[in-house]
Amino acid sequence: MKKHILCIAALLLGCLTFTGCSDSSVEEENTLTILNYGKYFDPDALQIFEEETGITIKYEEYESPEEMYTKYKAGSIDYDLLCTSDYMIHKLIEEGEVLEMNYDNIPEYKNIDPDIIDSSASFDAEHKYTLPYFYGTVGILYDTNVVPESEVQTWDVLWDEKYTGNIVMPNSVRDCLLVPLKRLNYSINETNEKHLRKALDLLFEQKPLVYAYFVDETADEMIAGNAALAVVYSGEAAYAQDEGENLGYTVPEEGSNLWIDSWFIPKTCKNQEKAELFLNFLCREDIAAMNFDYVYYATPHTAVYNSLDEESKNNTTIFPTQETIDNCEVYVSLDREETALYNKLWKELKSY
Amino acid sequence: MVKKIGSRIYLSIIFLFLYLPILVLIVLSFNNSKTRVKWGGFTLKWYASLLENETIIEAFVMTLQITLTASILATIIGTLAAIGIHAMKSKGKAIMLGATNIPLLNADIVTGISMMLLFVRFTELGFSTVLIAHLTFDIPYVILNVLPKLNQTSKYAYEAALDLGATPLYAFYKIVWPDIRPGVFSGFLMAVTMSLDDFSITYFTKGAGVNTLSTMIYTELRKGIKPEMYALSTILFGIALILLLVMNYRSSKKAIN
Amino acid sequence: MFKLKKQFLAGPYIVWIIGFILLPIVLILFYGLSDYHGNFTFDNLLSIFDPIHMKSLLFSLRLALICTVICLILAYPLAMILNSMHLKHQSFVVFVFVLPMWMNFMLRILAWKLLLSNNGVINNILASLGLPAIQLLNTPSAVVFGMVYDYLPFMILPIYNAMSRIGHDIIDAARDLGANQVQVFFKITMPLTISGVLSGIIMVFVPALTSFVISNLLGGGKVLLIGNVIEQEFMQTMDWNLGSGLSIVLMIFVIASMAFMNTHNKDGEGTAVW
Numbered sequence: 001m002k003k004h005i006l007c008i009a010a011l012l013l014g015c016l017t018f019t020g021c022s023d024s025s026v027e028e029e030n031t032l033t034i035l036n037y038g039k040y041f042d043p044d045a046l047q048i049f050e051e052e053t054g055i056t057i058k059y060e061e062y063e064s065p066e067e068m069y070t071k072y073k074a075g076s077i078d079y080d081l082l083c084t085s086d087y088m089i090h091k092l093i094e095e096g097e098v099l100e101m102n103y104d105n106i107p108e109y110k111n112i113d114p115d116i117i118d119s120s121a122s123f124d125a126e127h128k129y130t131l132p133y134f135y136g137t138v139g140i141l142y143d144t145n146v147v148p149e150s151e152v153q154t155w156d157v158l159w160d161e162k163y164t165g166n167i168v169m170p171n172s173v174r175d176c177l178l179v180p181l182k183r184l185n186y187s188i189n190e191t192n193e194k195h196l197r198k199a200l201d202l203l204f205e206q207k208p209l210v211y212a213y214f215v216d217e218t219a220d221e222m223i224a225g226n227a228a229l230a231v232v233y234s235g236e237a238a239y240a241q242d243e244g245e246n247l248g249y250t251v252p253e254e255g256s257n258l259w260i261d262s263w264f265i266p267k268t269c270k271n272q273e274k275a276e277l278f279l280n281f282l283c284r285e286d287i288a289a290m291n292f293d294y295v296y297y298a299t300p301h302t303a304v305y306n307s308l309d310e311e312s313k314n315n316t317t318i319f320p321t322q323e324t325i326d327n328c329e330v331y332v333s334l335d336r337e338e339t340a341l342y343n344k345l346w347k348e349l350k351s352y
Numbered sequence: 001m002v003k004k005i006g007s008r009i010y011l012s013i014i015f016l017f018l019y020l021p022i023l024v025l026i027v028l029s030f031n032n033s034k035t036r037v038k039w040g041g042f043t044l045k046w047y048a049s050l051l052e053n054e055t056i057i058e059a060f061v062m063t064l065q066i067t068l069t070a071s072i073l074a075t076i077i078g079t080l081a082a083i084g085i086h087a088m089k090s091k092g093k094a095i096m097l098g099a100t101n102i103p104l105l106n107a108d109i110v111t112g113i114s115m116m117l118l119f120v121r122f123t124e125l126g127f128s129t130v131l132i133a134h135l136t137f138d139i140p141y142v143i144l145n146v147l148p149k150l151n152q153t154s155k156y157a158y159e160a161a162l163d164l165g166a167t168p169l170y171a172f173y174k175i176v177w178p179d180i181r182p183g184v185f186s187g188f189l190m191a192v193t194m195s196l197d198d199f200s201i202t203y204f205t206k207g208a209g210v211n212t213l214s215t216m217i218y219t220e221l222r223k224g225i226k227p228e229m230y231a232l233s234t235i236l237f238g239i240a241l242i243l244l245l246v247m248n249y250r251s252s253k254k255a256i257n
Numbered sequence: 001m002f003k004l005k006k007q008f009l010a011g012p013y014i015v016w017i018i019g020f021i022l023l024p025i026v027l028i029l030f031y032g033l034s035d036y037h038g039n040f041t042f043d044n045l046l047s048i049f050d051p052i053h054m055k056s057l058l059f060s061l062r063l064a065l066i067c068t069v070i071c072l073i074l075a076y077p078l079a080m081i082l083n084s085m086h087l088k089h090q091s092f093v094v095f096v097f098v099l100p101m102w103m104n105f106m107l108r109i110l111a112w113k114l115l116l117s118n119n120g121v122i123n124n125i126l127a128s129l130g131l132p133a134i135q136l137l138n139t140p141s142a143v144v145f146g147m148v149y150d151y152l153p154f155m156i157l158p159i160y161n162a163m164s165r166i167g168h169d170i171i172d173a174a175r176d177l178g179a180n181q182v183q184v185f186f187k188i189t190m191p192l193t194i195s196g197v198l199s200g201i202i203m204v205f206v207p208a209l210t211s212f213v214i215s216n217l218l219g220g221g222k223v224l225l226i227g228n229v230i231e232q233e234f235m236q237t238m239d240w241n242l243g244s245g246l247s248i249v250l251m252i253f254v255i256a257s258m259a260f261m262n263t264h265n266k267d268g269e270g271t272a273v274w
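So the protein lines, in turn, are chains A, B and C. Its first residue numbered 1, the first sequence is counted upward by one per residue in this note's numbering. Its first residue numbered 1, the second sequence is counted upward by one per residue in this note's numbering. Its first residue numbered 1, the third sequence is counted upward by one per residue in this note's numbering.
For the record, the hints were derived by calculation from the structure and aren't laboratory data. Since this is a predicted model, take the numbers as computed values, not measurements. Keep in mind that the hints are not guaranteed to be accurate.
Unchecked claim - Here are the simulated lysine-lysine pairs, DSSO-like style, with alpha carbons at most 27 Å apart:
| # | chain 1 | residue 1 | chain 2 | residue 2 |
| --- | --- | --- | --- | --- |
| 1 | A | 270 | A | 39 |
| 2 | A | 58 | B | 226 |
| 3 | A | 110 | A | 162 |
| 4 | B | 89 | C | 6 |
| 5 | B | 223 | A | 73 |
| 6 | A | 110 | A | 344 |
| 7 | C | 6 | B | 91 |
| 8 | B | 45 | A | 39 |
| 9 | A | 39 | B | 38 |
| 10 | C | 187 | B | 4 |
| 11 | A | 207 | B | 223 |
| 12 | A | 110 | A | 270 |
| 13 | C | 6 | B | 149 |
| 14 | B | 174 | C | 5 |
| 15 | A | 207 | C | 55 |
| 16 | B | 155 | C | 5 |
| 17 | B | 155 | C | 6 |
| 18 | A | 194 | C | 55 |
| 19 | C | 55 | B | 91 |
| 20 | A | 39 | B | 93 |
| 21 | C | 5 | B | 93 |
| 22 | A | 71 | B | 226 |
| 23 | B | 223 | A | 344 |
| 24 | B | 149 | C | 55 |
| 25 | C | 187 | B | 3 |
| 26 | B | 223 | A | 71 |
| 27 | B | 174 | C | 6 |
| 28 | C | 55 | A | 344 |
| 29 | A | 58 | B | 223 |
| 30 | B | 226 | A | 39 |
Construct the entire structure; sequences and hints are all you get.
Quick look at the structure:
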């Protein structure tokens, strides 16, 4: 009996270590390591890519651009392809971490809306490094049964004591500070410590009213009826509106943030051609449509946009109106000291 | 009598506290409604979509791989180490035991971070780094379970066997092994338990695409709650229940024998 | 000659200790005692006195203490009751309390999320009784709840083990000599279970003090424990030097509380779960 157990154990061990080793050696040759926001790619589409090309994808997710920066900069994992927001890309380009893209390898790039490519100039001036993925705004998602539409036209509603314990704020430093900064009529790229302190004081004042600081959980919590007001990205709002009734979305009139998330190839990429193959794949109409259905943000893919029905095209939650866009600012990257200041303020807010 | 009733009530409250949350998960796993609190009829669809969900299946397989490999290797290294430590002089013993205690005493987060710092310096994070980290906190449990058993064995019987011409291996197998076997086994079980339940250390040492159940569930929970998670809880609870029942049954049978 | 050989069996483990136990500690000390440019400094250690860090450290200590006390209050009577039931199979007790531990602890936290949320099970029960809803989730109390739930077995098992080792003849003897129940408890049961209690305290206090996951999931980003600060330094703000410095401080705290407990714990057994 004992012998049997030992034999089985030895066998198991052998198998496990063997598969472990063989796996890793093959993977080196034929894998892509991708880092992306959470809930930002249809897993089925990833599977299609793996089946079509035989390339294995190691897929990792993150919550905030700051987290992505750390994961990448730690150097512990060599990523081949990354997707993140405007200001973070700008920062990485300035640090020389981004490789130039060879757009000849991405014929499907032609599908991308030139207007959006133009808008990317704020972080990729010469259009050498990035491929736009989705864009959107930050606004208020609210329960129409609880909050009247007239109240959510301004950020002030998030300081209304009526809604104590019913407010969800973003758990990400810049998106959270954006709200009081806009309420105070400052720029969302404010670096003046005095102004930032004023904004922080507002957040302190608001903290007792806040139910939670969330990012990707927000939509689910709103659908479940756990909160009445939430500051969210537009796509998260569109998804929530689809699943739950009685949810509305507005971008308050003081203005907000317009963001563009793009793909780029970092310096750590081991196989640029494969990365570009993947980018071409995600610009393909069927795949872009799949991802649009899954992610539900404004897509810069013209073919996908044109194939939508009128209702979706006119869905202002997903596709912001020109008026809204004009009223929004784009984030600008911060330098080391400014980042440290933001982080410090953030920690102050969070510590009880 | 009053005291007896009182203690019964107390027991039931604690049992309720321990098992009510699990019960809620089990009930919800059969709930045909995405909203969490309303009952929408009985369904098995979450189980079906669970089995189709590759992320979950992969994490499950990865967890088994890491747990089993780490526990088996830890049992081997740890048992050998225990025998070695047992044979050492008191000074060497003290040093070894001191070092063994470090991963046990240290907070998980500190162990995880310190291992991450090491790996980041010398290699890329991946499957093997998680495995090494798990081994590091598994081995001490094996050693601490085997050592007390070794202390109970008689050194003379072993030496007598050698004098009578047994090879060291044979003498070990016939004399030492039966005595330490329960210790080795319980050390192995401890290692399995610890590996299965670990989050912090895996979280800091895992590479891209490497996910154990713990880290996978953590990422999923931060994206919102999917009903598949309820189904997964029910299945894991069922597996644990069966495993422990079997073990309990075997040990009670042994006790009768 | 042969003795030497036997000690060699510990060889692989010695290599392991040096490579994977001592070296990481050296690295964390190295990072913790140097700044961004690699110059030696005590700043990272001293930054624990920064009001933000101090606040979260004290807050963690408070929550950990509350959690430990609740666990102790719940576990001690429970162990006594279980012990007085004279179960034939001790393993049954272990079984009942180990079972929830074998289910992934992340899922156990998920269960609490469902129970405690604004529109969750408990609030729905309250509403059906006509009582006002209360915010339970995303508060420090929710975090304590989760901690107690996760760590309670660590308190019960050592105390129960210690208790079941007390021979009934000792208690009978005391009774024969005229001691009443209260006296038996204070003169026999309590002194003989103190080692179990102490190891239970350690096994609950240390993880509660250093936890970051429970506060992340049940605190809704509003509860910042020292563990969360460290995790954020490593995973978000990328200040590894500061993170290491704070880890060292945490390590010192843990070691200090252990040392304190150990000086009061003479026979050091009772930690075995199995």
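Here is how each hint holds up against the structure:
Proposed proximity of residue 270 (chain A) and residue 39 (chain A) is supported: the alpha carbons are some 25 Å apart, at most 27 Å. A C-alpha spacing of about 22 Å is found between residue 58 (chain A) and residue 226 (chain B), which places the hinted pair at or below 27 Å, so the restraint holds. With a C-alpha separation of about 50 Å, the suggested pairing of residue 110 (chain A) with residue 162 (chain A) is violated against the 27 Å cut-off. Only pairs whose Cα atoms come within 27 Å are accepted, and residue 89 (chain B) paired with residue 6 (chain C) is accepted, the gap being roughly 12 Å.
Our distance criterion of 27 Å between C-alpha atoms is met by residue 223 (chain B) and residue 73 (chain A), whose separation comes to about 24 Å. At roughly 43 Å between alpha-carbon atoms, residue 110 (chain A) and residue 344 (chain A) are farther apart than 27 Å, so this suggested pair is violated. Proposed proximity of residue 6 (chain C) and residue 91 (chain B) is supported: the alpha carbons are some 16 Å apart, at most 27 Å. Between residue 45 (chain B) and residue 39 (chain A) the alpha-carbon distance is near 22 Å, which keeps this suggested pair within the 27 Å criterion.
For the suggested pair residue 39 (chain A) and residue 38 (chain B), the alpha carbons sit about 26 Å apart, so the restraint of at most 27 Å is met. Of the pairs offered as hints, the one joining residue 187 (chain C) and residue 4 (chain B) holds, with about 23 Å between alpha carbons and a cut-off of 27 Å not exceeded. Proposed proximity of residue 207 (chain A) and residue 223 (chain B) is supported: the alpha carbons are some 22 Å apart, at most 27 Å. For the suggested pair residue 110 (chain A) and residue 270 (chain A), the alpha carbons sit about 26 Å apart, so the restraint of at most 27 Å is met.
A C-alpha spacing of about 17 Å is found between residue 6 (chain C) and residue 149 (chain B), which places the hinted pair at or below 27 Å, so the restraint holds. Among the hinted pairs, residue 174 (chain B) with residue 5 (chain C) is consistent with the structure: their alpha-carbon atoms are about 19 Å apart, no more than 27 Å. Between residue 207 (chain A) and residue 55 (chain C), the direct Cα distance comes to roughly 17 Å. Compliance with the 27 Å bound is thereby established for this hinted pair. Using a Cα cut-off of 27 Å, the hinted pair residue 155 (chain B) and residue 5 (chain C) holds, with the two alpha carbons roughly 15 Å apart.
With a CA separation close to 13 Å, the supplied pair residue 155 (chain B) and residue 6 (chain C) stays within the 27 Å bound. For the hint linking residue 194 (chain A) to residue 55 (chain C), the alpha-carbon distance of about 23 Å falls within 27 Å, and the restraint holds. Restraint check: the Cα-Cα separation between residue 55 (chain C) and residue 91 (chain B) comes to about 42 Å, which exceeds 27 Å; the hinted pair is violated. Straight-line distance between C-alpha atoms of residue 39 (chain A) and residue 93 (chain B) comes to about 52 Å, which puts the hinted pair past the 27 Å bound.
About 16 Å separates the Cα atoms of residue 5 (chain C) and residue 93 (chain B), which keeps this hinted pair within 27 Å; it holds. Under the criterion of a C-alpha separation no larger than 27 Å, the hint pairing residue 71 (chain A) with residue 226 (chain B) is consistent with the structure, at around 26 Å. For the proposed pair residue 223 (chain B) and residue 344 (chain A), the alpha carbon gap of about 26 Å is at most 27 Å, so the pair holds. At roughly 46 Å between alpha-carbon atoms, residue 149 (chain B) and residue 55 (chain C) are farther apart than 27 Å, so this suggested pair is violated.
Only pairs whose Cα atoms come within 27 Å are accepted, and residue 187 (chain C) paired with residue 3 (chain B) is accepted, the gap being roughly 21 Å. Between residue 223 (chain B) and residue 71 (chain A) the alpha-carbon distance is near 19 Å, which keeps this suggested pair within the 27 Å criterion. Among the hinted pairs, residue 174 (chain B) with residue 6 (chain C) is consistent with the structure: their alpha-carbon atoms are about 17 Å apart, no more than 27 Å. Straight-line distance between C-alpha atoms of residue 55 (chain C) and residue 344 (chain A) comes to about 14 Å, which keeps the hinted pair within the 27 Å bound.
For the hint pairing residue 58 (chain A) with residue 223 (chain B), the CA-to-CA distance comes to about 19 Å; that is within 27 Å, so the pair holds. A threshold of 27 Å between alpha carbons decides the hint, and for residue 226 (chain B) with residue 39 (chain A) the separation of about 12 Å falls inside it, so the pair holds.
The structure does not agree with the numbered hints 3, 6, 19, 20 and 24 stated previously, though it agrees with the rest.
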